[in-house]
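Note that the protein sequences, when read in sequence, are chains A, V, L, H, R and E. Oh and the first sequence: position 61 is 61 in UniProt numbering, straight run, nothing missing. Oh and the second sequence: position 60 is 60 in UniProt numbering, straight run, nothing missing. Oh and the third sequence: position 2 is 2 in UniProt numbering, straight run, nothing missing. Oh and the fourth sequence: position 15 is 15 in UniProt numbering, straight run, nothing missing. Oh and the fifth sequence: position 35 is 35 in UniProt numbering, straight run, nothing missing. Oh and the sixth sequence: position 33 is 33 in UniProt numbering, straight run, nothing missing.
Take these hints with a grain of salt, some might be off.
You can't tell identical chains apart in this list, so a pair holds if it fits in one copy or across any two.
DSSO-like mimics (lysine-lysine), calculated; alpha carbons at most 30 angstroms apart, straight line [stated by the list, open to error]:
#, residue 1, residue 2
1, Lys48, Lys58
2, Lys48, Lys18
3, Lys47, Lys58
Source of the hints: derived by calculation from the structure; they are not laboratory data. Note that the coordinates shown come from a computational prediction; the quantities given were computed from them, not determined experimentally.
6 protein chains.
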Amino acid sequence: MPFVTIELIEGRTEEQLKAMVAEVTEVVSRTTQAPKENIHVFVEELKKERYAVNGKLKSEE
Amino acid sequence: MPFVTIELIEGRTEEQLKAMVAEVTEVVSRTTQAPKENIHVFVEELKKERYAVNGKLKSEE
Amino acid sequence: MPFVTIELIEGRTEEQLKAMVAEVTEVVSRTTQAPKENIHVFVEELKKERYAVNGKLKSEE
Amino acid sequence: MPFVTIELIEGRTEEQLKAMVAEVTEVVSRTTQAPKENIHVFVEELKKERYAVNGKLKSEE
Amino acid sequence: MPFVTIELIEGRTEEQLKAMVAEVTEVVSRTTQAPKENIHVFVEELKKERYAVNGKLKSEE
Amino acid sequence: MPFVTIELIEGRTEEQLKAMVAEVTEVVSRTTQAPKENIHVFVEELKKERYAVNGKLKSEE
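If we strip away everything but chain A, and leave its shape as in the complex, we get (with noise of 0.2 angstroms):
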């Protein structure tokens, strides 16, 4: 605990992600003040013909 959740359309590099929960980590555990070891992130990516906005799938556009 705490335990984070990212929702984000697929397309970000490994990099990006590996930075992503890295520095989610540090500020979640900083502002609240739960050990860095007790942070779970969660990252889980949207397919493009699985997410609509506006009515529209995002593999419409």
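Here the structure of chain A is known, so what remains is to put chains V, L, H, R and E in place on it, guided by the hints.
Just chains V, L, H, R and E, lined up with the frame of chain A:
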């Protein structure tokens, strides 16, 4: 906002999913008065080997 | 199945939510050909002090 | 109802997952007195490159 | 890890929930061979006015 | 997009949560190059009577 997540068993066609997200966006917008461009829809397909009812995976049936 | 989760900011009336779940069920059933009695809808209202866009809680705006 | 979601790191066998959903359904039914046929279980496997503890993805360890 | 989320309609007693989380932890540990101290269980109670089946909120029935 | 959900045990101050969402937004924007105004953060506080580790609710400890 609003955010709508729809979980269903795999097997619908792309056309069905396309129609589903378009119509869901339409009725959520109409009933909540949120502008359509603020409505996000996420489609999550469940695999039969990872979804169980009555203690049995759908792939076992 | 299907399962539909709708997250929206608090403040809609009971009548709006009632209409929303009825109509969403209707269109999900029609577009996916799932019987209406199999469709579950969950409504989750977000509090303004627990939802942020652009780094700022809605309660701060 | 009830709905049970189980997230675990990838790597369990199909036999383990099958036993897990059967037994979880059993005890949830017994302790809540919900009939087993109303209990739905979703299994979500996390990939090592998408799950981090202590700021580090499991795939980096 | 694993993480287990259990959603059920409000109305169970504290004793029922206590037994449920204890027994679910037990069987998930046994079937997946994860140590019990790594298993987290989240209980989410659904309000009748926010959960619908067949297009109708449970509070309307 | 991205969408960030942070679950933590109840008990943080409003100031801590405010700082947490601001800083998480900042680093997610920087590492993914998503504009800050597209980043949504949801904070979910867990009650001690509804969250268990090792088979025991936090309220029992």
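Against the structure, the hints come out as follows:
1. Taking the closest pair of Cα atoms, Lys48 and Lys58 come within 30 angstroms of each other both inside a single copy (5 angstroms) and across two copies (26 angstroms).
2. For the identical chains of this complex, Lys48 and Lys18 are neighbours both inside a copy (22 angstroms) and across copies (12 angstroms), given an alpha-carbon limit of 30 angstroms.
3. Taking the shortest alpha-carbon separations for Lys47 and Lys58, both the intra-copy value of 8 angstroms and the inter-copy value of 22 angstroms come in at or below 30 angstroms.
Violated hints for the displayed structure: none, as all numbered hints are satisfied.
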